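Student: Can you build the whole structure from these sequences, using the hints too?
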Amino acid sequence: MKEKQMKSFVKVDYNLLATTKLSSTQKLFVSYIIGWQKNGKICFETNKTLALKFGMQYGGMRSVITTLNKFDFFKAIKKDYDERTGTSGHEITVSIDLLEKFLQPDEKPNEIVSTKAKSIEELNSEFYVTPTLKQDELKSIPTYQDSDIIDIEEIMNILNFKETDIREFKKEFRTAKVSFEDFQYYFCSIALTQNKEYHKGILISEEQKDRFNKMIANQ
Numbered sequence: 001m002k003e004k005q006m007k008s009f010v011k012v013d014y015n016l017l018a019t020t021k022l023s024s025t026q027k028l029f030v031s032y033i034i035g036w037q038k039n040g041k042i043c044f045e046t047n048k049t050l051a052l053k054f055g056m057q058y059g060g061m062r063s064v065i066t067t068l069n070k071f072d073f074f075k076a077i078k079k080d081y082d083e084r085t086g087t088s089g090h091e092i093t094v095s096i097d098l099l100e101k102f103l104q105p106d107e108k109p110n111e112i113v114s115t116k117a118k119s120i121e122e123l124n125s126e127f128y129v130t131p132t133l134k135q136d137e138l139k140s141i142p143t144y145q146d147s148d149i150i151d152i153e154e155i156m157n158i159l160n161f162k163e164t165d166i167r168e169f170k171k172e173f174r175t176a177k178v179s180f181e182d183f184q185y186y187f188c189s190i191a192l193t194q195n196k197e198y199h200k201g202i203l204i205s206e207e208q209k210d211r212f213n214k215m216i217a218n219q
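First residue of the sequence shown? That's 1 in UniProt numbering, and the numbers climb one at a time after it.
Be a bit skeptical, because a hint or two may be false.
SDA-like, lysine to any residue: derived pairs with alpha carbons at most 20 Å apart [as the list claims (entries may be wrong)]:
#	residue 1	residue 2
1	53	28
2	78	51
3	75	50
4	41	91
5	170	139
6	214	174
7	75	139
8	78	43
9	48	213
10	162	174
11	177	216
12	162	145
13	101	18
Now the in silico label distances, taken between C-beta atoms and shown as ranges [said to hold, decoys possible]:
#	residue 1	residue 2	range
14	151	206	46 to 56 Å
15	79	149	15 to 25 Å
16	97	160	42 to 52 Å
17	96	194	20 to 30 Å
18	200	139	33 to 43 Å
19	69	104	38 to 48 Å
20	100	195	31 to 41 Å
21	91	162	28 to 38 Å
22	145	203	26 to 36 Å
23	37	140	38 to 48 Å
24	95	200	18 to 28 Å
25	70	177	46 to 56 Å
26	203	177	16 to 26 Å
27	206	153	15 to 25 Å
Quick caveat, the hints were computed from the structure, so don't treat them as lab data.
On a predicted model such as this, the values are computed, not experimentally measured, just so you know.
Glycine residues also receive a C-beta, built at the ideal position from the N, C-alpha and C atoms.
Tutor: This is the structure:
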C-alpha cells in the first residue's frame, strides 16, 4: 500500500508552486512529468490516458500539452500514431535547467506566452460543458487536427457566424486559410474575454461553443 502511494505521489517544487507564470493545472502536469524523470523513466502516454488521470476532457488535456509545448523547458513529441483511433502517444520531458531559468523573474515576453497558455486552459473549463445541440446536429459537424489548414469562411459558416464576424476574423489573420490550431486560439481568446467590460466586437454564443468543441478531433 505504501509503495503504491509513493509511486503516485506528485511532489511540487516550491518555486514552481509559487510562480504566477503557469496555471495550477500546468504546474501539476509539469510536476507529474518530473516525477517520471526522477524515477528514471520518460512519460509515454496518450492524451486520453492523461485526460482520464487528470479528470479532464480530451480537448482540455490536448490544450494543456499544446500550450506547455510553447515553452522551451517542455517537450512533447508524438509517437506511434494510430490511424484507426486517431490517437498517438506522447514522449513528454521537462528540462530541469530550463525550467529553473524560466521560474526566475524575467522580461515580459514570457508573461505574454504564459497568458496565452493560461487563456486556452481556462476556456477549456468554461465551454467544454453542457451541450446545447442535439446529437444529430453534432454528427454533421466535421472534426479537425491542430495541423489541418482550414478555410476561415467555411468553418465560420458551419459555426453560424454572421458575415461581419467572418470579415473580422479574416482581417485578424490577413489570409483566407489558417491552421486549425491558430483558429482555435483566436476563437478561445474571444470566448474568454467577451464578458469583460472592455470587450468589443464579436460575441460567441453557447451554441457556437458547442459546435466548435465538436470540431476538435478525438473528443
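Student: Take the hints in turn and mark each one as holding or not.
Tutor: Status of the hints after comparison with the structure:
1. 53 to 28: Holds. Residue 53 to residue 28 sits at ~12 Å (cutoff 20 Å).
2. 78 to 51: holds (16 Å)
3. 75 to 50: holds (16 Å)
4. 41 to 91: holds (11 Å)
5. 170 to 139: violated (27 Å)
6. 214 to 174: violated (26 Å)
7. 75 to 139: It is violated: about 34 Å lies between the C-alpha atoms, which goes past 20 Å.
8. 78 to 43: The hint holds at about 12 Å.
9. 48 to 213: holds (16 Å)
10. 162 to 174: Since the Cα atoms of residue 162 and residue 174 sit roughly 18 Å apart, the hinted pair holds (cutoff 20 Å).
11. 177 to 216: holds (17 Å)
12. 162 to 145: The given pair, whose Cα atoms are some 25 Å apart, is violated under the 20 Å limit.
13. 101 to 18: holds (14 Å)
14. 151 to 206: 46 to 56 Å: violated (24 Å)
15. 79 to 149: 15 to 25 Å: holds (24 Å)
16. 97 to 160: 42 to 52 Å: Cβ of residue 97 to Cβ of residue 160: about 48 Å, so the range 42 to 52 Å holds.
17. 96 to 194: 20 to 30 Å: violated (39 Å)
18. 200 to 139: 33 to 43 Å: Holds: the Cβ-Cβ distance is about 35 Å, inside 33 to 43 Å.
19. 69 to 104: 38 to 48 Å: violated (21 Å)
20. 100 to 195: 31 to 41 Å: About 37 Å separates the Cβ atoms of residue 100 and residue 195, which means 31 to 41 Å holds.
21. 91 to 162: 28 to 38 Å: violated (43 Å)
22. 145 to 203: 26 to 36 Å: This hint holds: roughly 27 Å between Cβ atoms.
23. 37 to 140: 38 to 48 Å: Given a distance of about 44 Å, which is inside 38 to 48 Å, the answer is holds.
24. 95 to 200: 18 to 28 Å: Once the Cβ atoms are compared, 41 Å apart, the range 18 to 28 Å for residue 200 and residue 95 is violated.
25. 70 to 177: 46 to 56 Å: violated (22 Å)
26. 203 to 177: 16 to 26 Å: Holds, at about 24 Å.
27. 206 to 153: 15 to 25 Å: Given a distance of about 22 Å, which is inside 15 to 25 Å, the answer is holds.
The structure shown violates the earlier hints numbered 5, 6, 7, 12, 14, 17, 19, 21, 24, 25.
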